[in-house]
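Q: Residue numbers (this note's numbering), protein chains in the order written: chain E, 1 to 346; chain Z, 1 to 297.
Calculated directly from the structure, the hints in this document are not laboratory data. Computed from a prediction, not measured in an experiment: that's the story for all the values here. Even for Gly, the Cβ is constructed at its ideal location relative to N, Cα and C. Do not take every clue at face value.
[Unchecked claim] Label-pair restraints from in silico Cβ distances:
1) Leu178(Z) to Gly185(E): 56 to 64 Å
2) Ile310(E) to Leu116(Z): 18 to 26 Å
3) Asn212(Z) to Pro223(E): 44 to 52 Å
4) Asn254(Z) to Ala37(E): 51 to 59 Å
5) Leu87(Z) to Met312(E): 16 to 24 Å
6) Leu201(E) to Gly115(Z): 47 to 55 Å
7) Ser34(E) to Arg154(Z): 50 to 58 Å
8) Asp124(Z) to Ser34(E): 41 to 49 Å
9) Tyr39(E) to Ser3(Z): 54 to 62 Å
10) Thr186(E) to Ile132(Z): 54 to 62 Å
11) Gly32(E) to Asp124(Z): 45 to 53 Å
12) Gly115(Z) to Gly158(E): 55 to 63 Å
Spelled out from the first residue to the last, the chains are:
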Amino acid sequence: MTAPSAARTALVTVASVVAALLICALIFVFAGQSPAAVYGTMLRGTLGDPTGLAEVGRRTIPLLLLGAGLALAFRAQFFNIGAEGQLLLGAVFAAGTALFLPVPGALLIPAVFVAGFIGGGLWALVAAALRRVNVNEILSTLMLNYIAVALVTYLIAGPWKGKDVRGYIYTDTFPQGAWLPTLSGTQVHWPTLLLGVALALGLQWLLTRSTFGYALRVVGENPGAAHYAGLSSARVATLVALLTGGLAGLAGAGEVAGIHHRLLEASQISLGYGFTAVIVAWLARGNPALCLITAPLMGVILAGGDLLKIDMNLPFRVVDIFSGVILLCLIASEVFVRHRVQWGRA
Amino acid sequence: MDSIVIEALVRALSVGTPLLLACLGAILNERAGVVNLGVEGLMAVGALAAFAVASKSPDANLWVAVGAAMLAGAALSLLHAFATVTLRANQFVSGLALALIGTGAAGLLGKKFEGLPLFNKVPDWTLGSFTISPFTVAALILAGLLAFWLTATRGGLTLRSVGENPAAADVLGVNVGLTRVLAVLGGGALAGLAGAFLSLSYRSSWADNMTNGLGWIAVALVIFVGWRPLRAIAGALFFGFLYYLQFRLQGNSNVPTEVFSAMPFILVLVVLALAGVRGQAGDAPAALGRAYVRGER
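Isolated chain E, as found in the complex (with noise of 0.2 Å):
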């Protein structure tokens, strides 16, 4: 077996993306709609003014984070589809301590992220302690998620519901030591998206440098070999479940402190994040670092899907249509760089 080289990969990858848009265009025209001026509203209202920059920014940071750490549990055949549960409970994780714990000032945001990264590992850790007793962690992260939603909304609605909110479900403002700061006029919250950066390059270099990465691309590779060779499968699940979870925590923490700044219903905090940055970790093909190129790129999709909402009056589930699309046409086009060793759990 000859591993295919990086060009064809890429160019596969770059058609099936292509061919992605044109089957969505179909389905607007299915829907009534001009597909150029689906296609238009999207790319002037992101690329073409520098609000629209910034938004797409704005979405870029938890898509980082996300598709960053999937990009790493997939390669370990960790299914983890649950990182909008993630992402919620260290929102859940983070308010708690802005809100409710006593930290002296200037520790007060490194606090708030330590305390989402828990929050996140912790939910996903229940996904692998499931998976010890077989429980395929595609169906228990998927539950974990309606879980989280109802949690979050449990807090906002009971014990956690703001002072001074009347009728509004959410909870008081968080104090002001705690919000992150953003470049001037936008919501890019800086620190989050700096973070991001920093940990998607810390995670290629511990996949492909490390001796837990190697580990971990021998589970995920060739699970039996592993097993002889005495690496345990679960082990590095665990580490991988707490590593992605906390990333997605982390993910969490940043759009709570951040950019709302109070913890809120869990439609506002995420726009469906986790289930697009499954795209970005495949589109991606397994590799932290590439989350730099694909996560804006969905970035641009998840902020045009706002747009088509306000300015085309359509769903914000078309923004499904376009995920389910890719994704679709992205494991269907593996056929064509057959040869590569497959990470997918085929």
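Position chain Z against the provided structure of chain E, taking the given hints into account.
A: Chain Z only, in chain E's frame:
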């Protein structure tokens, strides 16, 4: 006393109907060795197709609406069959993509049907003082038929052999690919039927996200019931009863409503963990989730 028990049973059966139908569909394709995680999307598309046809006019034929739902489910799952059987793509990821496409497409195409009235919902049948949907009766009969077909007929045996040992089936002259494609299409049609129940009978309306996670629960249910259609009746009844309790207890107790909305998902986890500990996950068809390549082991 008795009537309360019967009412609970009838209500649980009613809520369990879409779960049962979707679960039967998933059993059908999983017994042939193909996992389809797209059930949630297939149900959403089925619900929309049925509603779109039935709401066209007061005398729209409901059989046509039901047929449209099954056709829509089968059509969408054709994508899954093509990707996983023909191109041998990863079944789990393809199913996930299908779920996204289905819910997304239903949301986009269904927007204009939101809030519209349904002129003729599928009439319930009355049994003494209780009513039951024809869909529920059909689901129970289908469970029996599928159980019989899988265990006692040549076609069922062929399907199971493809899921257990495709290489051996291939040697015996079974067309593995075609069998799998047909099983996936059948599973899609049943998921579409489950959606039709929601929009024509249970809710008799269309709303985005009306499947609300039922499809995912149905997928998990398959493992819980050990890939057996008759046990699926008990499984669907069990989860139907949970939903019924949710309605009954909501507002009548100090327990926050969010606990009830999370309950089915928490229970799925508990139930799957129990099935795992008891080794039930080992009942899965041996070739489940794996693409078949002739000459490869």
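Q: Each hint needs a verdict: does it hold in this structure or not?
A: Hint check results:
| no. | hint | verdict |
| --- | --- | --- |
| 1 | Leu178(Z) to Gly185(E): 56 to 64 Å | holds (60 Å) |
| 2 | Ile310(E) to Leu116(Z): 18 to 26 Å | holds (24 Å) |
| 3 | Asn212(Z) to Pro223(E): 44 to 52 Å | violated (36 Å) |
| 4 | Asn254(Z) to Ala37(E): 51 to 59 Å | holds (52 Å) |
| 5 | Leu87(Z) to Met312(E): 16 to 24 Å | violated (33 Å) |
| 6 | Leu201(E) to Gly115(Z): 47 to 55 Å | holds (49 Å) |
| 7 | Ser34(E) to Arg154(Z): 50 to 58 Å | holds (52 Å) |
| 8 | Asp124(Z) to Ser34(E): 41 to 49 Å | holds (43 Å) |
| 9 | Tyr39(E) to Ser3(Z): 54 to 62 Å | holds (59 Å) |
| 10 | Thr186(E) to Ile132(Z): 54 to 62 Å | holds (57 Å) |
| 11 | Gly32(E) to Asp124(Z): 45 to 53 Å | violated (35 Å) |
| 12 | Gly115(Z) to Gly158(E): 55 to 63 Å | violated (31 Å) |
Hint check: violations occur at hints 3, 5, 11 and 12; the rest are consistent with the structure.
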